[in-house]
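First to last, the protein sequences are chains V and C. Heads up: the first sequence is residues 1 to 313, going by my numbering. Heads up: the second sequence is residues 314 to 794, going by my numbering.
If you are wondering where the hints come from, they were derived from the structure by calculation, not from laboratory data. Computed from a prediction, not measured in an experiment: that's the story for all the values here. Positions of the beta carbon are idealized from the N, C-alpha and C atoms, including for glycine. It is possible that some hints are incorrect.
[What the hints assert, rightly or not] Restraint ranges, calculated between C-beta atoms of paired labels, are given here:
{"id": "1", "chain 1": "C", "residue 1": "Ser782", "chain 2": "V", "residue 2": "Glu56", "range": "43 to 51 Å"}
{"id": "2", "chain 1": "C", "residue 1": "Ile357", "chain 2": "V", "residue 2": "Glu38", "range": "53 to 61 Å"}
{"id": "3", "chain 1": "C", "residue 1": "Leu606", "chain 2": "V", "residue 2": "Gly79", "range": "37 to 45 Å"}
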Amino acid sequence: MSSLLARYADCVFWMARQVERAENLARILDVTHSARSERDRAQDWAAVLEIHSDSERFLAAHGRVDGEAVVHFYTLDAGNPTSILQDVSNARENARTLRPFISTEMWTQLNVFYNWLRGLKPADLAAPERPRLFAAIKQNCQTHAGITDGTFFRDQGWYFCQIGRYLERADQATRLLDVKFHRLSAAGDYQPLEAGQAGALLRSAAGYHAFRRLHPRGMVPAEVANFLLNDDAFPRSLALCIDEVNRLLHELRQRHRLRGGGGALEKLDGIQAALATRPTADILRTGLHDFLDWVQLQLIAITDSLTRDFFGR
Amino acid sequence: MRGNGSDWLADYDAGGFFCELFGRPGAPADHTLPLQQRLKQIPIDELRRRARSAENELFNLGVTFTVYSDKDVIDRILPFDVIPRVLSIDEWRHIEAGVIQRVTALNMFLHDVYHEQRALADDVVPRDLVLGNANYRPEMAGFDVPAGTYIHICGVDIVRDDSGRFLVLEDNGRTPSGVSYVVENRRIMQRAFPDLLDVFVRPVEDYGLRLRHAMSEIAPAGVSEPQVVLLSPGIYNSAYFEHVFLAREMGVPLVEGRDLVVEADRVFMKTTAGLAPVHVVYRRINDDFLDPLAFRSDSLLGVPGLMRAYRKGNVSLANAIGTGVADDKAVYAYVPRLIRYYLGEDAILPNVETHLCGEADGLAFTLDRLDQLVVKPVGESGGYGILVGPRASSTEREAMRGLLRADPANYISQPMVRLSVCPTLVDAGIRPRHVDLRPFAVTGRSTWVLPGGLSRVALREGSLVVNSSQGGGSKDTWVLV
Numbered sequence: 001m002s003s004l005l006a007r008y009a010d011c012v013f014w015m016a017r018q019v020e021r022a023e024n025l026a027r028i029l030d031v032t033h034s035a036r037s038e039r040d041r042a043q044d045w046a047a048v049l050e051i052h053s054d055s056e057r058f059l060a061a062h063g064r065v066d067g068e069a070v071v072h073f074y075t076l077d078a079g080n081p082t083s084i085l086q087d088v089s090n091a092r093e094n095a096r097t098l099r100p101f102i103s104t105e106m107w108t109q110l111n112v113f114y115n116w117l118r119g120l121k122p123a124d125l126a127a128p129e130r131p132r133l134f135a136a137i138k139q140n141c142q143t144h145a146g147i148t149d150g151t152f153f154r155d156q157g158w159y160f161c162q163i164g165r166y167l168e169r170a171d172q173a174t175r176l177l178d179v180k181f182h183r184l185s186a187a188g189d190y191q192p193l194e195a196g197q198a199g200a201l202l203r204s205a206a207g208y209h210a211f212r213r214l215h216p217r218g219m220v221p222a223e224v225a226n227f228l229l230n231d232d233a234f235p236r237s238l239a240l241c242i243d244e245v246n247r248l249l250h251e252l253r254q255r256h257r258l259r260g261g262g263g264a265l266e267k268l269d270g271i272q273a274a275l276a277t278r279p280t281a282d283i284l285r286t287g288l289h290d291f292l293d294w295v296q297l298q299l300i301a302i303t304d305s306l307t308r309d310f311f312g313r
Numbered sequence: 314m315r316g317n318g319s320d321w322l323a324d325y326d327a328g329g330f331f332c333e334l335f336g337r338p339g340a341p342a343d344h345t346l347p348l349q350q351r352l353k354q355i356p357i358d359e360l361r362r363r364a365r366s367a368e369n370e371l372f373n374l375g376v377t378f379t380v381y382s383d384k385d386v387i388d389r390i391l392p393f394d395v396i397p398r399v400l401s402i403d404e405w406r407h408i409e410a411g412v413i414q415r416v417t418a419l420n421m422f423l424h425d426v427y428h429e430q431r432a433l434a435d436d437v438v439p440r441d442l443v444l445g446n447a448n449y450r451p452e453m454a455g456f457d458v459p460a461g462t463y464i465h466i467c468g469v470d471i472v473r474d475d476s477g478r479f480l481v482l483e484d485n486g487r488t489p490s491g492v493s494y495v496v497e498n499r500r501i502m503q504r505a506f507p508d509l510l511d512v513f514v515r516p517v518e519d520y521g522l523r524l525r526h527a528m529s530e531i532a533p534a535g536v537s538e539p540q541v542v543l544l545s546p547g548i549y550n551s552a553y554f555e556h557v558f559l560a561r562e563m564g565v566p567l568v569e570g571r572d573l574v575v576e577a578d579r580v581f582m583k584t585t586a587g588l589a590p591v592h593v594v595y596r597r598i599n600d601d602f603l604d605p606l607a608f609r610s611d612s613l614l615g616v617p618g619l620m621r622a623y624r625k626g627n628v629s630l631a632n633a634i635g636t637g638v639a640d641d642k643a644v645y646a647y648v649p650r651l652i653r654y655y656l657g658e659d660a661i662l663p664n665v666e667t668h669l670c671g672e673a674d675g676l677a678f679t680l681d682r683l684d685q686l687v688v689k690p691v692g693e694s695g696g697y698g699i700l701v702g703p704r705a706s707s708t709e710r711e712a713m714r715g716l717l718r719a720d721p722a723n724y725i726s727q728p729m730v731r732l733s734v735c736p737t738l739v740d741a742g743i744r745p746r747h748v749d750l751r752p753f754a755v756t757g758r759s760t761w762v763l764p765g766g767l768s769r770v771a772l773r774e775g776s777l778v779v780n781s782s783q784g785g786g787s788k789d790t791w792v793l794v
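So here's chain C without its partners, still in its complex pose (with noise of 0.2 Å):
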């Protein structure tokens, strides 16, 4: 019968993928029943309404990124699907556990690549890799920065495979986004599903508040109340709306470089009253882009003279200098290594198994199963470049080939994941598409990390590619108690 909610449910086959919403089979995730009983009670039809005013909502409230064409500004909102996520309060803390031990480990080794370089000297990473790295800054060399911490926030990419075990895909410790659809996302299903939302899920509105007390822990010694600014590359940005949003949890303000000056190593933001101190910077500019006078003098999105500043200890930066060198795709490989090294621990949340194409073996093992590989260049992001060697086309393939032998440093290669699907809103119908989960880690003294995180979804039948650049949405990520 059309219409008629449980329909819907009845209908839905996983295709053999661990599903988020009803588990796998022998194992079925009682955890979601309330929320089944619930989704149960809504028609399809209904269902299709109301997310098309969620989607509505979120654009009218410029809950968007944009996009630039030849001659048009286009504002697209990240397609966003109203059948949440929902991770148990067990899950949750294994992962929540698992990426604390990540951040700590990376922040460890980042101060150990800027001063001692122990992991290097004991082989635990090779040396080429770290200090040959392009996102190794012999500026940060002898710099201690504020709490040891380089990393304040952090995006850990994690995926789940057929057993339901969780994997780390990618460490984000640059300036990872995506931490503003978490919390709209949620405003927009309250909003939409009240009725839905009346199981207990751990909130998520907090996020501004938590990130504006850790700015103030790394806050250069001596200031009790720091002027923290948020520093963007402007309205041009793809990801303006999250800065606003960020300033804005945060009750700070959003700055871009032509609002700040450096005087005698302090920096300042233009006032209408004049010149004003400020103390910590938030920044979603990328090292290279920060100072002109310390890198690309091209810059004119950076403040000339803030690397000197933050050398001199009177002004923090969130992320640090130099952070890059840490998640790195190469790298990556060796964090769990690394928490074995400093945390002498082993890695709660394992790495997908990684080929590193520089060394001979891992050249060698990718060239011979390149039709079952997942093939990526370790400096890019987004989703560009990579070869999903199942899907491709031997003439795609034989393309990759060349590029393995003629640059095998920048790649990495890795055994295509089965990943966990959730029932989507799509126009066939409810149907299962392929998931993972950014959660969003803080650091100032310490690691907080916001229950859920970003759940983004590949929205194109049988796409494995979630970035929003390649045809992913979102969808809200539920925490429950």
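With the rest of the complex left out, here is chain V (with noise of 0.2 Å):
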């Protein structure tokens, strides 16, 4: 049985964290461009703006919200820490700090990937080149999980990379819902919905497809939020991100004999026991955003309980 360096799996499980976090800004930032009036438009961005917590830094520096401004805060600002070329920025320097533990292609991939980001340039953010370029940071995001399957030797790394991508996918999908789910829901939670304004939230979690082949009838919000919540098959719902880290973190500590992981074992039991008990029009009830917040700190203590008992920090 061979041991992992605490500080490894501390890297390795970032480094995933990082790369999900900059392929789910993509997948925003691509379907909030392509919003179909400008004032929905200029409403979105001032969303993303939210979902990321970011409104206050970014009113600060540039006064008001302008859809060009964030879209260059988000893809190339290196001096903002939450843009996607500080995301895979910071996940390279930790695979670099991983060299001697992944494949050889997991780096090379990731750092190409930074290098090509590091070298655009503002005319390459131009309204109508953004399609294309969203549509390859997400391919290189993809790629880079594409790799890591293929090629990632399946020892104790292997499980910290898949938990930590798991828990950023579910943080991911708690914040999309809380942001945009309340301008889906202005008409009521179970008014039908036009195609167009719940697409652009599933699309953006690449589910729009998925949800028509369930519902084929047409859209309510609250199935919406049912789907993006609770659904077992989507795998960007939360319950299945957090089914995946119980899963993957139970038989970390089973295969490698590991003693820690209890704490965040009880708080994933926790999301799990009131995604089971508690039906979505419940949550919907008695306040959606609550909800998700309580989620939202959940998955910080697992964070955090993770990082005592295995990081070594």
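Two independent chains are provided; combine them into the complex using the hints.
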């Protein structure tokens, strides 16, 4: 049984999170860019800032919300710690630390990805270029996931990598829903929606087609929320991500005889129990925001617990 | 006719220097004929295209060293020249025997310095030069290192003069670097020039295995399955790629000081399952920074208590502490005498004639001939602070004159060796550029030398300084069978 350096576990966990975060950001920017009306777009750019709790910082620097500036802020702004460039730069720094440990192909791809991003010019962010740019970013993140899947040796490190990825995805699902849902449900949680309205939310989570398949007759906000929270087959739903983290952590402890992780498992059980016992209708009635807030606090506590137990910090 | 491969070979002029590919007038290098034949088949444009793609690949793979400016972090590859430097098997056997002899003598010298000090008593080396040396570590006195080996990894810098003779320029017995380029350069050559490499060349890729084996040989007594780690200052170190490379090739964790703790004079690393014992540390951190309790107390890179654990014999360090006293540029001048003293043999690889400015004769000789000599500070590495007399301006020479008078013991001088050249692809075409050679010797219980070594090349026309910090590049080095 080979041991794993605590710092490596830490780095591989965060490397996966940072790439996942960059992918989600590219998704959100992509659908926001292609919103139909000017007015919607302005509101949506503001929502993107809210999702990431960046409104204050952004307004301090730019005065007002402007699509052009938001896109730059979140893609190439090296001074913004939540930009895609910064995420990928952090992921690459972690990968650099992990070079003796991860596959050469994982490192090379992140290195090339980062160097490409760093070489982009403001002109590459011009409106007509954006769809291609965001697609390329998403694809690079997915390539990372694919290379990891196909080349990363599956001992302890792989588990921490997967746990990081699913935790981040769970976090992103709650943020997306938190910010976008109240606009969807302005007319009521059960009022039928125009396809375009819910489309953007589902598309940014890559869930549009799956949702259509499940609900071919139309969509209401409550069903969209239920899908993003609770669907057990949708790879970006909160429930699926939490189940995966739970399963991976159990397996990791068992296979590698690790004693840590008990605190994190308790919190995971708590989220699972809440999702299993509370129908979405109930959550919507008592307040979606409060629920999502609670989930986010649990996710932070899970990360803290893993950090204490495994990462030697 | 442009683009014709044979063209550049016919145009090439080594400028009166010994050429590694063609030899010298009257003594052509027959062993490189097959390579010459193959090179002729490749038009120069094609050579350039493949050279570019090889350098791209090195960059993408991150075979780089890192340069820090005020606000930017820049990754640079060590410029790679695609025309290999070739050694015949006879040349190699000579070098190999010379390196083994030298490393053996240096290890015996270190054992002597930290025990009986016979060589000092017998006046083979001046006592002050050794005991007054900044790299002499009194903490090592009377301590027995496993297998009697102090310098486990040694990189001996060798040059070749006009007559084709190999000379030792420097011993690197602390933490010599560059071996990763040897192996990576070969990998890149195999990908970019499979058509050149169908001659049989001694392989280099088992360096990691050999090193790991040597590390096992020096494990503390009674440990049958030693946990080896590579200790690095971390990702901000300019040689970080090499640390990655070595850890990977040895199959051991790359740790930083913060990953290790010492409890009850035993060394442990922090893992996901708690503390796990560590038995051998290949450290790429200088003595000074290794243990803040024993050496520099402001070091954040080291491991508090490591020295105590080492002295207790609970952990082995490679290289040992205090080896710097043997690779000092002034002690270097005495190495041929040390070889004779300990081994009763003449040095197989002679030194470059060296004048110690700390001695009155040496200083007078140096001051008289500043325009003919190369002057080097004894404590520096990386090619810094060197005066190449024949190339220097009179202002530079006068400045050196002042330094020499102020602190003569800090300098040595040597005649300017007319370093051999190797055809090298530069903007102007294929031109002669000066090269050196750094073979790597690995010693556990016995010494093994990686066939070939790092050939560094001074890419600037006429330059004799091959260091990467001074515009040097590297070449794949072939030892033919």
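Quick one: are leucine 606 of chain C and glycine 79 of chain V within 37 to 45 Å, going by C-beta?
holds, 40 Å
Does the Cβ pair serine 782 of chain C, glutamate 56 of chain V satisfy 43 to 51 Å?
holds, 45 Å
Between isoleucine 357 of chain C and glutamate 38 of chain V, does the C-beta distance stay in 53 to 61 Å?
holds, 58 Å
Of the numbered hints listed earlier, not one is contradicted by the structure.
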